[in-house]
Every structure is written in C-alpha cells, then in structure tokens.
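**Q** The lines below spell out each chain.
Number of protein chains: 2
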Amino acid sequence: MSKKISIKDLKDYVGQEIQVSGWLYNKRSSGKLRFLILRDGSGYLQCVYFKGNVTPEVFELTDKIGQESSITVTGKVKEEPRSPGGYELDATEVTIIHETHDYPITPKEHGVEFLMDNRHLWLRSSRQVAIMKIRHRIVKAIRDFFDDRGFTLMDAPILTPAACEGTSTLFETEYFDLGKAYLTQSGQLYAEAGALALGKVYTFGPTFRAEKSKTRRHLTEFWMVEPEVAFSDLNDNMDLAEEFLEYIVQSVLKDRAEELKVLERDITKLQCVVRPLPRISYDEAVEILHKEGLPFEYGNDLGAADETVISSKFDKPVMVHRYPSEVKAFYMKRDPENPKLALAVDVLAPEGYGEIIGGSQREESLETLQERIKEHDLPMEAFEWYLDLRRFGSVPHSGFGLGLERTVAWICGLEHVRETIPFARMIYRNTP
Amino acid sequence: MSKKISIKDLKDYVGQEIQVSGWLYNKRSSGKLRFLILRDGSGYLQCVYFKGNVTPEVFELTDKIGQESSITVTGKVKEEPRSPGGYELDATEVTIIHETHDYPITPKEHGVEFLMDNRHLWLRSSRQVAIMKIRHRIVKAIRDFFDDRGFTLMDAPILTPAACEGTSTLFETEYFDLGKAYLTQSGQLYAEAGALALGKVYTFGPTFRAEKSKTRRHLTEFWMVEPEVAFSDLNDNMDLAEEFLEYIVQSVLKDRAEELKVLERDITKLQCVVRPLPRISYDEAVEILHKEGLPFEYGNDLGAADETVISSKFDKPVMVHRYPSEVKAFYMKRDPENPKLALAVDVLAPEGYGEIIGGSQREESLETLQERIKEHDLPMEAFEWYLDLRRFGSVPHSGFGLGLERTVAWICGLEHVRETIPFARMIYRNTP
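Residue numbers (the numbering used here), protein chains in the order written: chain A, 5 to 436; chain B, 5 to 436.
In case anyone wonders, no lab produced these hints; they're calculated from the structure.
There's no promise every hint is true.
Because identical chains cannot be distinguished in the list, a pair is counted as satisfied if it fits within a single copy or across any two copies.
[Stated by the list, open to error] Straight-line distance between alpha carbons at most 25 Å, and here's what the computed BS3-like set of lysine-lysine pairs gives: (1) Lys317 to Lys273; (2) Lys12 to Lys80; (3) Lys332 to Lys216; (4) Lys332 to Lys15; (5) Lys258 to Lys144; (6) Lys55 to Lys68; (7) Lys137 to Lys15; (8) Lys273 to Lys378; (9) Lys216 to Lys184.
Just chain A, with the same shape it has in the complex (with noise of 0.2 Å):
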C-alpha cells in the first residue's frame, strides 16, 4: 500500500505513490481532466484524474464528491509550480471516507452573521486557515521573547474576589459560600507579586470586558500577556515593548509569508516595523492633533478617532508616554518632574489598528499608594495584599499588557477582531 502522508511533507516523495486524506475544498473540470484541490491542515494539493489513466468509477466519483467530503486520494507527486504548494497528485484512485453534500459554505459570498454562526465550518476556508496559524505564531512568539529572556511564566487567576474598579465592567458569577467572584479584566496585580517573586514575569491568558462596546475592536472574552519587570522604570519599559513588537512581526513575516499573501496584507507596512519606534509624549501628541484642527481638549483620554490620526504620522507603532495621571488607573507612578503625569505608555498600532500596548511604571511607595486608593474611592481592603508588595521589600517596577487579538488584526489586516479568535465572544454572541 502506498505511503499516507501529510500535504506539508509532500516535498519529500516527489515521483512516489502516496497517500493523502483530507476533504474536498474545491473542484474543477475540462474535458478529460478532473482536478480535486484537498485541503488536511497542513496544506492544500491539486489532485488531478485523467480519464484515460483511472477506471471509469474512479472518473465517474470525482464529478460526485461534494464540496468538504471528506476523501482518501491516491497517485504520484509532482512537482508543478503553478500549482498551490508547487506539488501536484497524478491522481489514481479516491476513496469517500464521508460523502457530504450541500456544505453550507461555498466558494460564493456570503453575510458575516451567517458566517459567525457556522463558525465551526468556517474556520476551514482558507482565510480563517490563515489567520488561526499567525494567530499561533505570534502567540509563540510571544512565550519564546520571554523564555528566552529569562522571564517566568506567573499564570494569573481568572475568578477574582473583588470588584476592584466597579462592577458596571465585570462578569460576575457566585463563587460557593465566598460570596461573588469575578473574571479578571487584568493580570497584572498578581503578576506585580510574581516579578517582586521572580524579577521577570509574565502572564499570558483571557481576560474579560462585560463593556457594552459593539465596535471592531471589542471583544467581551480576549487574551493578553501582561510582562512585570522588578527595577524597571518607564524607559526600560518602552525598550522592552519596542523589542517585543520587533520581535512578534519579525517572526510572523519570517515564518507566514504564505498566510500573509492569502490574506493580501502588505507587508511594506510590517517590514519596518524594526527599533527604535517613535516615542512621543501625550503633550506631543495633542499638539498633533491641535494642528490637525481637531477640537481636542488637553487633559482628556485619547479617544479611538484621536489615536488614528496621531497613529497615521508615522509608518510603525508609536508610543506616547505621559499622560494626565487623571486619566490613567490608580496604580501608576506619578513623573516626579511633573506630578500631573502618570509615567504610562500606550502603543498605537500604525493603519488605524488603536492601542494594542498599555503599560506604565508603577507607584512603589506603600502611602502614595493608599492615598490613591482613597482618592479612586475603592475599597482599601481588597488591596491589603497588593498593598503588602509595598510593605514588604518594595521596589521601582514597571510592566504592559498586549492585547493579542487587536495585534492579530493588524498583523493580519483585518477589519474587525471577530476574525482574530477561533470562537468570538461579543455583546451580541457568545455561540457557537
């Protein structure tokens, strides 16, 4: 019997008789020819039957099998560079291992709900194929920039005890005899224990927004890695973001150029993401905006309309540090050389992609810290333990989280994150 392999390896057994299995993708005939296109995951193989070649039930079942059959195909590996993949099967024999017809996607086009809805079909077009493996790829990257760095692994838990910034953004659920838990929105308080632990952490899991933002940047259920580092400051910080992003695209055009061409990203844009990224104050960056004309009021957030016009002056990520502390979380180390700022820094992705970094130095001293909490109204209890980091052999330390989906969206191109995660979670969805 001939050997079975996968369409990945098919490089190896040029002018061998093989074996693949796999479905059906896609088909197409002209007189004495019929050509199968067999998708298994690992790539996709012009199978092609040449009547003269293949009994009359072998030719009669290649115009019968539907799209997405699943099927055995058998025949001789040749290399034909027009082909997908530069191999081609000179097709002998098929076999059915599952005869489907009337798959609900076809190649024609059709609506995004109805696509969110067959999700679990979906992800075998050859797009959402794409995306799963940069998805993958820029999530090892992520683990091997810190491995390799000397960072450990300090996973965060996702049921939390308390509401600790108001419970209007929280998925809560009752957690036995404890009262209500919630699903964390971030790791980095447990990951500031971990670096005071480890000196270089990271986290890496969900975390969770119950915001009723129905845009295409939000997703209710999104993974982040969260990287704290013990006696870092905000420079060093934005030295490792610049690294890190370098570090995830250079990977991705190394190693996806072919996903990258299915999904016709251009790549011009990714190429130069390469250190140093621009470095802007908050100060700078409405001063960008002021002679853009827009009605900017200094002292506010920037918005997501805010960020694409800064982001649009420059071809790479930019990063603006130093915002008004007002508008930035509780946690983070006022500038000494004007109080009024918080030592934060945001990412902005180039081609309107947003903020896919937020990070900053944190506040070190245990009485700043407690006035804070008070001024942030929270309930000071919640923080005693977080609060013993700073009793307890404090130090300057300073980390980020990443939002992976909204990197997958620009790395990829894509208009809306829904696409960036095998099964979305939204206001508005949470099946399949």
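Following the hints, position chain B against chain A.
**A** Okay, now just chain B, sitting in the frame of chain A:
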C-alpha cells in the same frame, strides 16, 4: 560604576566588581563576617562582608537589614563551590532600596492557611520559586511538543452558551441579553471543530469545575491542554499521549535539575518515564483490584483509591483503555469489537497522583451521536453545531486532555495541588 547584573550571569564576571539588586533572603553572622543571602528571581547569591574590608557604616547596616528588604550589593565575584550556585560575592557595599521589617514569612514553620493567605509573599520562598519554574518548564514543553509536530493552537472560548452536561458543576454568569453563559469545563468540542479545519490542533487554557470536591487533587480553576487529531484512532491517541508524557518529564529533568533538588524530588521515579508506557484494559485493571481483594464492582468507574492501587503496580504512568461506555462521556466511540466498551483511555500517574490524562476516540457517526445525546437526556439544540462536524466531512478522530496542575504536582512530588499554580482557587478560597 560597577556593572549591574543578574545572579544567573555571575559566571561571566568572576574576578570583576559588579552590582546586584534583589531582596535579602536570609543572613547569618560569624565573628567578623556577615553573610547576606540575596535573591533576585534568577538565583541566590551569598554576599560576604568582612569587617576589615568595609566601612563601619556598611558593616553595621548588614546587621540591621531585615529579611526581604530590597537592596543593592556591590563586590567582587568569586568562585566558591560551597555556595549556592557556585559563586559568592566578596562584598564591599550595600545600599537599601526599601527597608523591611517584620516580614510575615520567616524561616520557621507556618500553617498552610496562613501561607495561602499570604500567597503573594509565599511565592518568594525558594520551594515556591522552584515549583513555579518547573511549572513554566512544563508549560513550555507542552507547547513545544505540539508546535514541533505540526499542531495549530486553537484557543477555546471560556464563556460557553449551554450547560451541556447539567449545571451542577458549572460557574454561571449573566451574559447581556443572551441569558446565562457558563465557564468552560473543557475545550474539547471546540477542538474537534478545529481538528476538522486544521488537521491537528490543541487548546491550552483555564477550565473550571464548580464541584464541591475538597481533596488534594481538586482546584475549581485549572489549566488543561487538549490535543485533537483528525484521522487518528485510539491507538494513535495512546501513542501520542505516551510520547507527550515522556517529552514533558525528560524536558524537566534536563532543564530543571536544580529546582527538583530544592524540592528533594526523587528523580529516579521520573527518569524511568520513557516509552513504551504500559497499556492495560479496564478488564485487566479490574482483575488487579480483585487480586488485591478489593470489592470493586465490574462496570463502575475507577475511583481515586482504585487508581492508586492500579498505578502502584507500575513504575511509570499506566494507560487504562476501553472503559464501560456507561461511565464515560456521550461523545466517545464504542469499541466495534464490544459495544459495551468505549474507546477511552485514562493515564494514571505513578506514586498515587491519580488520573492526569483522559481521552478517547470520538464517535464520528451523526446518527449514533444523535442517539447518544438522546440517551443522555442532553439538549439536542445546543449540540447542533457540534453535530455539523458529523454532517460535513466527518472523519475518525481522537484526542485527550492533560490537567496541568496534577502533572506539576506529580513531577514536583507535591502533596497538594494548591502549590502548583500561582494563586489557587478552591471551594473555600478565592483570595488573594
């Protein structure tokens, strides 16, 4: 000024004057000598202060610094085989970043509840640091294993729409206008959709059980990795599982020898985890129990005590396959040679650590699966998308789930899973 370095890099600076910042882990004195043990997350460093070599102020300071104070030390690196790590510092200076007194966790014994209440600080202890580093190495081994073998990562959703197997062990939350959503117990059904799209996939994320189990093996929130492979039967699945376990254990042995030593782990128990792993049928497992004189009733599921007896007969993880279908999930394929059995496999860790893997070949027939759903009284509608995987291009496929925390407990040789994850969640604990 002397160069700032990490403890792990000391070997490159022998004979040079350097600075290290970190926390005072421990100290002792002997006549004119003071020994400060510094930790920085990358290792431990003994700093030796000789009264004749330092200023009176520095010498006095070494006596006053409290445990877990954050400090910077300066001195010359010396090779010293008797020191932790093989190096020590001929120290000349120490500066305090944050002076700490009355650190709650002292070298004396503390109760577990006290330590868990102070988990954010307990993580700084050398045993906990060792566990976290081994956990990290296991996570990396898991991902590398699948990444190197052509699997695509397919993150499954945490928020799922239906209480498919009853609500009693599910955490639930309100989901906007869509009613209730439930925290996932397993990503498997989604992984199956992934396998039919991408051939070989894995999910790896947190999963949840609202079970009222108060044992040393149960967490309410734990991480699970679930590979799923198209065109794979039960035997392929067992081949994959044993290669996977060997890879994980051997990776830890190779790269985390020092941490295993800190934990006083008997590594001979790990060294023997190499292929092939023993495979016994459920019937053979029952025979073992009966030979031991246990009153086990054929047809029941194996309990924790039964698993301990069975695994004690082997020095490696043992695979128990072909369980009575009645004690196993509805989606498992029946054995064609005996339809009373499911093509399931559980892998039991040695030394009484219990089940670490559960898997099966999946039922691929639409009609059979529909019958099973009816037999189990499950809501057919919630499974329509899952049934689509059998309507369109169904193929034989199989997979398994490995619980991360039980695997960490086994490899580290820990009594209780609460130490295997940074912030454990149990029925009576969701803090800090």
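**Q** Evaluate each hint against the coordinates.
**A** Taking the hints in turn, this is what the structure says about them:
{"no.": "1", "hint": "Lys317 to Lys273", "in the structure": "within (13 Å within a copy, 60 Å between copies)"}
{"no.": "2", "hint": "Lys12 to Lys80", "in the structure": "within (15 Å within a copy, 54 Å between copies)"}
{"no.": "3", "hint": "Lys332 to Lys216", "in the structure": "within (20 Å within a copy, 40 Å between copies)"}
{"no.": "4", "hint": "Lys332 to Lys15", "in the structure": "neither (54 Å within a copy, 42 Å between copies)"}
{"no.": "5", "hint": "Lys258 to Lys144", "in the structure": "both (13 Å within a copy, 22 Å between copies)"}
{"no.": "6", "hint": "Lys55 to Lys68", "in the structure": "within (15 Å within a copy, 91 Å between copies)"}
{"no.": "7", "hint": "Lys137 to Lys15", "in the structure": "within (21 Å within a copy, 40 Å between copies)"}
{"no.": "8", "hint": "Lys273 to Lys378", "in the structure": "neither (45 Å within a copy, 53 Å between copies)"}
{"no.": "9", "hint": "Lys216 to Lys184", "in the structure": "both (21 Å within a copy, 16 Å between copies)"}
Of the numbered hints listed earlier, those contradicted by the structure are 4, 8.
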